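Asker: Based on these hints, arrange chain B on the given structure of chain A.
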Amino acid sequence: MSELTLKNVGMRYGDTVVLERLNLTLTPGTFCAVVGASGAGKSTFLKLLLSELTPTEGSITLGGRPLPREPGPERGVVYQRYSVFPHLTALDNVCFGLERTQGDALFGRTWGRKRRALRAEASALLEAVGLAAAAKRYPGALSGGMQQRLALAQTLALKPELLLLDEPFGALDPGNKQAAHALLRQLWAERGMTVVMVTHDLSEAFTLGTRVLVLDKVREDPHNPERFGASITYDLPVDRSAPPGAASIPHAS
Amino acid sequence: MRRLLNLQPRRPLRLALFLAPVAAMLVTYLAFSDARLAENPQDRLLPAFSTMGDTLVRMATEPDRRSGDLLFWLDTGVSLQRLALGVGLGALTALILGVASGLIPLAGASLSPLLAIIAMVPPLAILPILLIAFGVGELAKVMLIAVGVAPFIARELEGRVRELPREQLIKAQTLGAGTWLTLWYVVLPQILPRLFDAIRLSLGAAWLFLIAAEAIASTEGLGYRIFLMRRYLAMDLILPYVAWMTGLAWFLDYALRALNRRLFPWYGAEAGR
Numbered sequence: 001m002s003e004l005t006l007k008n009v010g011m012r013y014g015d016t017v018v019l020e021r022l023n024l025t026l027t028p029g030t031f032c033a034v035v036g037a038s039g040a041g042k043s044t045f046l047k048l049l050l051s052e053l054t055p056t057e058g059s060i061t062l063g064g065r066p067l068p069r070e071p072g073p074e075r076g077v078v079y080q081r082y083s084v085f086p087h088l089t090a091l092d093n094v095c096f097g098l099e100r101t102q103g104d105a106l107f108g109r110t111w112g113r114k115r116r117a118l119r120a121e122a123s124a125l126l127e128a129v130g131l132a133a134a135a136k137r138y139p140g141a142l143s144g145g146m147q148q149r150l151a152l153a154q155t156l157a158l159k160p161e162l163l164l165l166d167e168p169f170g171a172l173d174p175g176n177k178q179a180a181h182a183l184l185r186q187l188w189a190e191r192g193m194t195v196v197m198v199t200h201d202l203s204e205a206f207t208l209g210t211r212v213l214v215l216d217k218v219r220e221d222p223h224n225p226e227r228f229g230a231s232i233t234y235d236l237p238v239d240r241s242a243p244p245g246a247a248s249i250p251h252a253s
Numbered sequence: 001m002r003r004l005l006n007l008q009p010r011r012p013l014r015l016a017l018f019l020a021p022v023a024a025m026l027v028t029y030l031a032f033s034d035a036r037l038a039e040n041p042q043d044r045l046l047p048a049f050s051t052m053g054d055t056l057v058r059m060a061t062e063p064d065r066r067s068g069d070l071l072f073w074l075d076t077g078v079s080l081q082r083l084a085l086g087v088g089l090g091a092l093t094a095l096i097l098g099v100a101s102g103l104i105p106l107a108g109a110s111l112s113p114l115l116a117i118i119a120m121v122p123p124l125a126i127l128p129i130l131l132i133a134f135g136v137g138e139l140a141k142v143m144l145i146a147v148g149v150a151p152f153i154a155r156e157l158e159g160r161v162r163e164l165p166r167e168q169l170i171k172a173q174t175l176g177a178g179t180w181l182t183l184w185y186v187v188l189p190q191i192l193p194r195l196f197d198a199i200r201l202s203l204g205a206a207w208l209f210l211i212a213a214e215a216i217a218s219t220e221g222l223g224y225r226i227f228l229m230r231r232y233l234a235m236d237l238i239l240p241y242v243a244w245m246t247g248l249a250w251f252l253d254y255a256l257r258a259l260n261r262r263l264f265p266w267y268g269a270e271a272g273r
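Chains as they are written, first to last, in our numbering: chain A, 1 to 253; chain B, 1 to 273.
Simulated from the structure, these hints should not be mistaken for lab results. One or more hints might be untrue.
To be verified - The list that follows gives simulated cross-link-like pairs (lysine to any residue, SDA-like), each with its CA atoms no further than 20 Å apart:
# : chain 1 : residue 1 : chain 2 : residue 2
1 : A       : Lys7      : A       : Pro66
2 : A       : Lys136    : B       : Tyr267
3 : A       : Lys47     : B       : Gln168
4 : A       : Lys217    : A       : Pro66
Here the structure is a predicted model, which is why all the values come from computation and not from measurement.
Chain A extracted, bound-state conformation (with noise of 0.2 Å):
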């Protein structure tokens, strides 16, 4: 397990700061939670960790070593939406990070005993996430909660050292999303990876994470307020030995 540290990251877009001066160092394991208003840049931020995007100014490093220039399976991520494939079933699109990276480089994929494995394993996660009944189904026919079920599998077949999760949950009704909280949280404590959420959910960031950052505009400009960006104004450890609901949220002025 890896260290993600943040040393000084800005984000800009010729004359419009979007990031500046982000410093954080994120112990392996922990489960941080993006908070922020629309357009503090929490989308930014999420594709500054996938490699989507370039920080324009300061370092990322991951274990030490800095961060890969393009999106590998060091890191998944899952979105609110298409982070699934339509056109693969439920079973392919958990195997097809194992195909990819098990598979040679010219076909991509395996054969014989080495399938039946990797298919083997790939059902095992279907039915981590209670999909195992729907593993001949295409994306188009599960509902909103299981296909985001299915991205968290198809994600965590490759057990990547830090998962990204783009709002997940933004799009669930309040039934599904508890269970999608406490499948995620269980799938977390069991394999102990780095996870970075970023939801405008208060409530959620406060019951799934243990570290809480807030992004919000620390300087002001009101003749030009592209001059400055977002930065880190709250970085909330939260208790998780608390029972939950307990975590006490404090005011922000």
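Answerer: Chain B only, in chain A's frame:
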């Protein structure tokens, strides 16, 4: 009284509304045809259905006196072969160009504007060039269809590839796929049903180019035959041929749709759309 835009016809009415204009057209044709034939039994412009039927049966069952071929089937086979070769060649080229242009930004930088320009060239205007380059044989006709449909399909597919959610391409990379494997396992399988749709949409144009090419330089084929028979005002052959081509076009469209449903059961019911 309910508003017109809320009135839904029930099943019998729906059928009646569909059949009414068809019946009206048939009756009108019959009335004019009968009137002309009563005046002049040799009239060629609006032949009776029985005459058309006789002509069609003769073309389909009696060998041609000069060549010994069953002309109807010869024409159909030759035309369908040209159509299939032309559309197939055009679609394959378009698939390669469109996917490359849509997925790989470096390829798109040169292909995308190029395709936009080429798509503006009127295909029939370059038919003389094709005839000079490929001769008056089969190749020129196949090439006309291919050249005619390829830019449209390529641009369509390029757009469809770019429409694939960015999230999927990122996701594929986090699951260990590079450019090649993303192309092979994420992009291509999702583009194939859209290719079939694009082919369906381009079939109308393909028929147009086929008939144009056959009218200009050919010795057999459905388009050649109707343009040949025009000289003799042989409406008793032209009308059934037109109906037959319409039927073939409809069947091809139906077959492609059925194939799409069969091969890609997930298509049309994608997650999150």
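Asker: If you check each hint against the structure, which ones fail?
Answerer: 4
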